[in-house]
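K.L.:
I would like the entire structure built from these sequences, with the hints used as guidance.
These are the residues of each chain, in order.
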Amino acid sequence: MVKQLDVFWKAAIFTLIVFLLGVSLGYFMEGNRIKNIRDEYKQVEVEWADAKLLNSYYQTLNPFLCDASVKENLEFADRVYGEGLKLEKYEKSNRLNGRLLVDKQKYALLKVEFWLNSILIKNKCNVKYVNLIYFYKDKASGKEKIEQETQSLILKGLKDKYGSDLMLIPLPLDLNISMINILKNAYGISKSPSLLINEKVKLEGVYTLEKLDRIIRIENGL
Amino acid sequence: MDLLTIIYLGFIFASLYLSVFFLIIYYKNKEKLFEVEELKEFPSLSVLIPAFNEEDTIQDTIKAVLNSDYPKDKLDILVINDGSTDKTLERAREFDVRVLDKKNSGKADSLNQALEMVDSEFVAVVDADSYPVENAFKNIISHFNEKTGGVTSCILVKNPKNLLEKMQSAEYTFISWARKLLEFIGCVYVTPGALSIYRSKALKGVGGFDTKNMTEDIEITWRLLRNKYEIGMCLAAKVFTVPPKKFMQYWRQRLRWHLGGLQTFLKYKNTLFNNKFGSLGLFISPFFGISLILSLTGLSFFSYIILRRLIHSVLLTKSLISTSSFGWYINSLGITPSVFTFFWLSLFAVTLVYVYSCYKSMKVRFNFNNSFILLSYLLVYVALNPFILVHAMWRYTTGNMQW
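Residue numbers (my numbering), protein chains in the order written: chain A, 1 to 222; chain B, 223 to 625.
There could be a bad hint or two in this list.
[As the list claims (entries may be wrong)] DMTMM-like cross-link-like pairs, simulated, lysine to aspartate or glutamate; straight-line CA separation at most 25 Å:
| id | chain 1 | residue 1 | chain 2 | residue 2 |
| --- | --- | --- | --- | --- |
| 1 | B | K540 | A | E210 |
| 2 | B | K540 | A | D160 |
| 3 | B | K540 | A | E88 |
| 4 | B | K252 | A | D6 |
| 5 | A | K92 | B | D224 |
| 6 | B | K540 | A | D6 |
| 7 | B | K250 | A | D6 |
| 8 | A | K145 | B | D224 |
| 9 | A | K104 | B | D224 |
Hints listed in this document are in silico derivations from the structure and should not be mistaken for laboratory results.
P.N.:
Structure representation (structure tokens):
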């Protein structure tokens, strides 16, 4: 009986090749997605700067061109919301590169800035869209996580229903961003998930679509 | 990279390595799997059939042995009635074979007592619920060389009917095939009692079967290896056996196998990674130890992952239903490929090649029925093993060796 001991190292080499190939592919795939999201962020940043300039122009030089300003803002809102969802999805499937903390912080800051701008336009132009701020925790667990997932899905449904009449701005409570911490204190946000409608109505816990729909209608005088 | 990812990757690596390992051996030796040499002369062979309460099967076993094409003048059949309380003894005595009737003392002791009554060159052990095919003895004997201490056979399930038997049938096919492959690296680690043949001198020389071990067939193999004997496997020698029909019988059988395996592993722990003991020290005992660790960590790891997901899914579903938002959840489901996607696909492909290679060489026809059994085997049956192992470890540590 001749013992074929070469099998041990041959199998090891083959497995190692497949394994390294897989890990490299994983790094490449994840790296590519991170690169995409960062490129898109740069693009969003440019668009945001453009939108801000247009807003300044409309508000300072042509104060009656509210429609254009509102339209810009709404389009930008949808874009930021979509990018935020994509970022969450990518981070979930990231196994090798870990969390995309800095990217999320950057997006969160952009969303705060956008929210403040949105308040400004709303006041100046007297438009009726709804600002809905959704406060959540990036690293939630247990009951809080279940509630957040439920509320997120309900908000997605609400966004589908209202379309451009709803500015849905999700803001993470635990990414150590001073601005969000200040907002948290200012509005007395103590738990996740929490909602803030039109900077006036604060809701804590999970709210069904029907309830939110009712509150928004009352709030907007519909 | 977090700890869970590292453990996950570790498991994928180990599974991939083992599958590739067996596939390389297979492709190197696929022409030699069923090789049998023509016997020029027939050495004397004693067939020992230990039996305890086997009245339903003993006669068919004796008939199968008598039907063997091994020359009758070289064949000596000895049935050992190990204190049966049924009609095993009477049924055995209906044949022209030697019968040793003794008080119940266990299989290993029965075999040892029988060993003292035989002086043939080779000794075969055949379980009283197993049926060797005609040429099985001849093929096995042709497999011996001067260094071989024992050779085992290709054990298959006789007439599998229910799902459990069919899954065991798939398992026995895989095991026989893999055991043959292990022979090419000198690592056959068990000579099961269904049908194995030993060189009498070797068997008696190492002191016979260990009466304290619950799986005397594993223990004797390790002892022969430790004493520098080689162990062979003859895939061309088929024996059909009756597997447990009910789940609890199956569980008890496997519990005994694991308990015996643990006893053997601990008895030979000093051989671990010891070059002096050849394949026993360098492959078999480390493989056994690593399998134990992998099974236990795998069980804890996957239980944790599955339980966590299950609890999360139940609570989320409850929450979604109570808020009438389940529909959006379905819409939001989707897969974003991760690094695991590649590995799972690789593992799946390697498993397919593995199954295909095994079925092809074992001449198992692939059909819809088989696929269902194979799926059940791979997804459910294999997953049971770590649970039985944990049960066995618990029994072992608490000193409860009943099965």
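K.L.:
Taking the hints in turn, state whether each one holds.
P.N.:
Each hint, compared with the structure:
A threshold of 25 Å between alpha carbons decides the hint, and for K540 (chain B) with E210 (chain A) the separation of about 18 Å falls inside it, so the pair holds. Restraint check for K540 (chain B) and D160 (chain A): the C-alpha separation of about 23 Å stays at or below 25 Å, so the hint holds. Proximity of K540 (chain B) to E88 (chain A) is assessed by CA-CA distance (about 23 Å); at most 25 Å being required, the pair is judged to hold. Under the criterion of a C-alpha separation no larger than 25 Å, the hint pairing K252 (chain B) with D6 (chain A) is consistent with the structure, at around 16 Å.
The straight-line distance between the Cα atoms of K92 (chain A) and D224 (chain B) is roughly 13 Å, inside the 25 Å bound, and the hint therefore holds. Taking the CA atoms of K540 (chain B) and D6 (chain A), the gap is near 55 Å; set against the 25 Å cutoff, the hint is violated. Only pairs whose Cα atoms come within 25 Å are accepted, and K250 (chain B) paired with D6 (chain A) is accepted, the gap being roughly 11 Å. A C-alpha spacing of about 20 Å is found between K145 (chain A) and D224 (chain B), which places the hinted pair at or below 25 Å, so the restraint holds.
A C-alpha spacing of about 19 Å is found between K104 (chain A) and D224 (chain B), which places the hinted pair at or below 25 Å, so the restraint holds.
The structure shown violates just one earlier hint, number 6.
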